[in-house]
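The whole structure should be built from the sequences, with the hints applied where relevant.
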Amino acid sequence: MLAGSHSNEPFIKAASITVATLLSGYALYRLLAPKSTFDHLPNSTFVAPHSYIYDHKQREQDIYEEYPPFETVMIAGSKALLVNDPEYAHQALLRQDRYKPGHLYGRSPLISSFHSVLIGGANIANAAGEDWKHRRDVLVPHFQGRVLIPELFPFILRSTIDLVEEIRTHDGKAIDMDERFVTLTADIICEYIFGGVPDDGHLVFDNFSRPAAAIATIKLKHILKLFGIKGKSLLEIERNSEIIRGVIRGVKRGDRKRRNGSPTLVEEMLKLEEFQGPSGEERLVHELLIMIMAGHDTTAHSLTMIVYVLALHPECQQKIREEVNAIIFDDQGITASDMGKLKYTSAAIRESMRLHPVLSSLLLHAYEDTSLGNIQIPKGSTIEIPQVRIQRDPEIFKKPLAFKPERWLQEDLELQGDIEKVHGGKSQMANAFLAFSQGTHSCLGMNLANLELRVVTALLVKNFDIRYNGPVPEQKGFILRAKDSPLIEMHPRMSD
Numbered sequence: 001m002l003a004g005s006h007s008n009e010p011f012i013k014a015a016s017i018t019v020a021t022l023l024s025g026y027a028l029y030r031l032l033a034p035k036s037t038f039d040h041l042p043n044s045t046f047v048a049p050h051s052y053i054y055d056h057k058q059r060e061q062d063i064y065e066e067y068p069p070f071e072t073v074m075i076a077g078s079k080a081l082l083v084n085d086p087e088y089a090h091q092a093l094l095r096q097d098r099y100k101p102g103h104l105y106g107r108s109p110l111i112s113s114f115h116s117v118l119i120g121g122a123n124i125a126n127a128a129g130e131d132w133k134h135r136r137d138v139l140v141p142h143f144q145g146r147v148l149i150p151e152l153f154p155f156i157l158r159s160t161i162d163l164v165e166e167i168r169t170h171d172g173k174a175i176d177m178d179e180r181f182v183t184l185t186a187d188i189i190c191e192y193i194f195g196g197v198p199d200d201g202h203l204v205f206d207n208f209s210r211p212a213a214a215i216a217t218i219k220l221k222h223i224l225k226l227f228g229i230k231g232k233s234l235l236e237i238e239r240n241s242e243i244i245r246g247v248i249r250g251v252k253r254g255d256r257k258r259r260n261g262s263p264t265l266v267e268e269m270l271k272l273e274e275f276q277g278p279s280g281e282e283r284l285v286h287e288l289l290i291m292i293m294a295g296h297d298t299t300a301h302s303l304t305m306i307v308y309v310l311a312l313h314p315e316c317q318q319k320i321r322e323e324v325n326a327i328i329f330d331d332q333g334i335t336a337s338d339m340g341k342l343k344y345t346s347a348a349i350r351e352s353m354r355l356h357p358v359l360s361s362l363l364l365h366a367y368e369d370t371s372l373g374n375i376q377i378p379k380g381s382t383i384e385i386p387q388v389r390i391q392r393d394p395e396i397f398k399k400p401l402a403f404k405p406e407r408w409l410q411e412d413l414e415l416q417g418d419i420e421k422v423h424g425g426k427s428q429m430a431n432a433f434l435a436f437s438q439g440t441h442s443c444l445g446m447n448l449a450n451l452e453l454r455v456v457t458a459l460l461v462k463n464f465d466i467r468y469n470g471p472v473p474e475q476k477g478f479i480l481r482a483k484d485s486p487l488i489e490m491h492p493r494m495s496d
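Residue numbers (my numbering): 1 to 496.
I should point out that these hints are in silico values taken from the structure, not numbers from a laboratory. Predicted, not measured: the structure shown is a model, and the values here were computed from it. Backbone N, C-alpha and C define an ideal beta-carbon position, used for all residues, glycine too. Keep in mind that the hints are not guaranteed to be accurate.
Simulated crosslink set (DSS-like; lysine-lysine; CA at most 30 Å straight-line) [as the list claims (entries may be wrong)]:
#, residue 1, residue 2
1, Lys398, Lys173
2, Lys252, Lys133
3, Lys343, Lys252
4, Lys271, Lys252
5, Lys341, Lys404
6, Lys343, Lys319
7, Lys483, Lys399
8, Lys319, Lys398
9, Lys319, Lys341
10, Lys343, Lys57
11, Lys404, Lys173
12, Lys57, Lys398
13, Lys476, Lys399
14, Lys173, Lys57
15, Lys398, Lys341
16, Lys404, Lys343
17, Lys133, Lys319
18, Lys252, Lys57
19, Lys399, Lys343
20, Lys341, Lys252
21, Lys483, Lys57
22, Lys341, Lys133
23, Lys399, Lys319
24, Lys57, Lys271
25, Lys173, Lys399
Each pair of labels, with its calculated beta carbon distance range [unchecked claim]:
#, residue 1, residue 2, range
26, Gly77, Arg245, 43 to 51 Å
27, Gln332, Gln144, 23 to 31 Å
28, His202, Ala174, 23 to 31 Å
Here it is as structure tokens:
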């Protein structure tokens with residue numbers, strides 16, 4: 001897809017160095033600027049991204065690390081407030097409806113710019129205020145469980161059974177499960193949105209795995225154009241956008257239908273006024289791109305971490321297997337209601353996601369003067385919430401480095417929940433679980449992700465003994481992803 005672009009790498013590196021130099025100068029300027037309100041707070045050692053993948057050897061440690069409730073951290077040359085306390089983080093996340101009175105926080109402009117550049121335009125991931133509210137109001141109904149389950153559950157089940165059969169052919173040989181999960185989850189989200197995988201080629205989202213270089217080359221596209229250079233990052237955006245435009249044209253012609261005959265998500269969205277005409281179509285392109293990227297990439301890597309952790313805990317595999325076999329007698333006959341009965345399986349999924357949040361931290365923006373505890377937060381401040389710290393808080397999660405699904409059963413908490421009611425503040429553990437964020441900015445695709453995670457985990461453990469003998473994988477980038485995918489041994493089981 002990107003053949004011939006390697007010859008441009010020297011120019012791209014030069015451009016990246018130029019941008020880095022400018023950013024360094026800006027950072028120096030900000031360091032010499034007037035003092036920050038947060039100067040009295042200790043400086044943090046927290047770095048994002050950093051590796052936080054589960055290490056089996058550390059599981060018995062009673063204490064992860066202890067941190068003060070608030071620290072400062074440098075972000076884009078300015079001091080930001082780092083919130084280590086789970087309760088204060090919970091309060092901030094629940095008050096990020098900027099369009100409602102009394103809700104003082106919103107998505108950080110840094111994150112909005114990040115998504116806008118890497119996708120190529122405005123979308124729900126970078127919108128704010130009333131624009132964000134309108135976009136979310138349009139999309140939320142299509143991602144609620146009562147809509148997703150009848151429309152998509154049969155396809156998820158059929159695709160997972162096909163995956164099980166493909167894995168069997170390797171007869172226990174160590175294989176790349178992450179690659180398979182990426183394909184599986186991409187097929188599922190494309191089935192829901194388009195009625196199938198685009199005919200014109202596969203969408204690629206490599207920009208999100210190398211954001212700094214991607215943003216640098218995209219921002220400098222006009223300068224690079226003078227040298228006849230079009231880098232990988234811009235080519236990726238252009239190709240992805242053209243693939244989506246082709247799908248939209250096919251839907252308008254009536255060429256694309258879901259297998260069960262029901263309308264695709266694109267068909268439903270094309271009925272709305274805001275997606276009419278050339279400008280409306282471009283808006284739809286960007287909206288669909290972020291839905292596809294967010295709807296498959298994060299779920300795929302979460303599945304990889306679940307399989308990796310279970311491979312290190314055969315006793316947990318056996319508990320899941322016993323639970324699944326007591327409820328599911330025939331893979332082909334699984335129902336959505338069966339998934340709701342898998343309490344231990346759901347707890348194991350949640351525990352893996354506690355250890356492996358999709359993002360190591362969240363960034364918020366204070367739109368008014370406000371406060372958290374006794375800390376005054378001026379308007380315009382950036383607030384960072386380190387998910388990986390909060391989800392390993394030793395006061396809330398005893399033996400925080402251990403993989404203990406039972407901790408969630410004790411709290412009688414389940415993964416299933418409506419998107420608008422998730423994490424209602426019923427327990428400390430629920431408040432400190434930020435894998436899908438919290439409040440109205442909670443993950444739009446949460447219900448779809450939960451459905452996929454349960455079906456895939458249940459069927460894989462039912463059909464295979466999972467083993468891993470390699471090193472602890474190294475974290476790569478801001479988004480959960482192993483630098484080198486762990487090769488997992490999937491040993492077929494006879495029917496129990």
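Do the hints match the structure? See the list:
Annotation: proposed proximity of Lys398 to Lys173 is violated, straight-line Cα distance about 36 Å (limit 30 Å). For the proposed pair Lys252 and Lys133, the alpha carbon gap of about 27 Å is at most 30 Å, so the pair holds. Taking the CA atoms of Lys343 and Lys252, the gap is near 43 Å; set against the 30 Å cutoff, the hint is violated. Only pairs whose Cα atoms come within 30 Å are accepted, and Lys271 paired with Lys252 is accepted, the gap being roughly 11 Å.
Note on Lys341 and Lys404: the hinted pairing holds, with a Cα-Cα distance of about 19 Å set against a maximum of 30 Å. The suggested pairing of Lys343 with Lys319 holds, with an alpha-carbon distance near 11 Å, which does not exceed 30 Å. About 26 Å separates the Cα atoms of Lys483 and Lys399, which keeps this hinted pair within 30 Å; it holds. About 21 Å separates the Cα atoms of Lys319 and Lys398, which keeps this hinted pair within 30 Å; it holds.
Proposed proximity of Lys319 and Lys341 is supported: the alpha carbons are some 14 Å apart, at most 30 Å. About 27 Å separates the Cα atoms of Lys343 and Lys57, which keeps this hinted pair within 30 Å; it holds. Annotation: proposed proximity of Lys404 to Lys173 holds, straight-line Cα distance about 28 Å (limit 30 Å). For the suggested pair Lys57 and Lys398, the alpha carbons sit about 16 Å apart, so the restraint of at most 30 Å is met.
Distance check on the hinted pair: Lys476 and Lys399 sit about 25 Å apart at the alpha-carbon level, within 30 Å; holds. Only pairs whose Cα atoms come within 30 Å are accepted, and Lys173 paired with Lys57 is accepted, the gap being roughly 25 Å. Annotation: proposed proximity of Lys398 to Lys341 holds, straight-line Cα distance about 26 Å (limit 30 Å). The suggested pairing of Lys404 with Lys343 holds, with an alpha-carbon distance near 14 Å, which does not exceed 30 Å.
Of the supplied pair hints, the one linking Lys133 and Lys319 is violated, its CA atoms being roughly 42 Å apart against a limit of 30 Å. Taking the CA atoms of Lys252 and Lys57, the gap is near 55 Å; set against the 30 Å cutoff, the hint is violated. Pair hint Lys399 plus Lys343 holds up; C-alpha atoms about 21 Å apart against a cutoff of 30 Å. Distance hint between Lys341 and Lys252 is unfulfilled; the C-alpha atoms sit about 41 Å from each other, more than 30 Å.
A hinted pair counts as satisfied when its Cα atoms are at most 30 Å apart, and Lys483 with Lys57 qualifies at roughly 20 Å. Simply put, Lys341 and Lys133 have alpha-carbon atoms about 34 Å apart, too far for the 30 Å limit, and the pair is violated. Distance hint between Lys399 and Lys319 is fulfilled; the C-alpha atoms sit about 21 Å from each other, no more than 30 Å. Taking the CA atoms of Lys57 and Lys271, the gap is about 54 Å. The hint is violated against a cut of 30 Å.
The hinted pair formed by Lys173 and Lys399 fails the criterion: a straight-line CA distance of about 33 Å is larger than 30 Å. In this structure the hint that Gly77 and Arg245 lie 43 to 51 Å apart at CB is violated, the actual value being about 38 Å. At roughly 26 Å, the beta-carbon separation of Gln332 and Gln144 lies within the given 23 to 31 Å, and the hint holds. At roughly 25 Å, the beta carbons of His202 and Ala174 sit within the given window of 23 to 31 Å.
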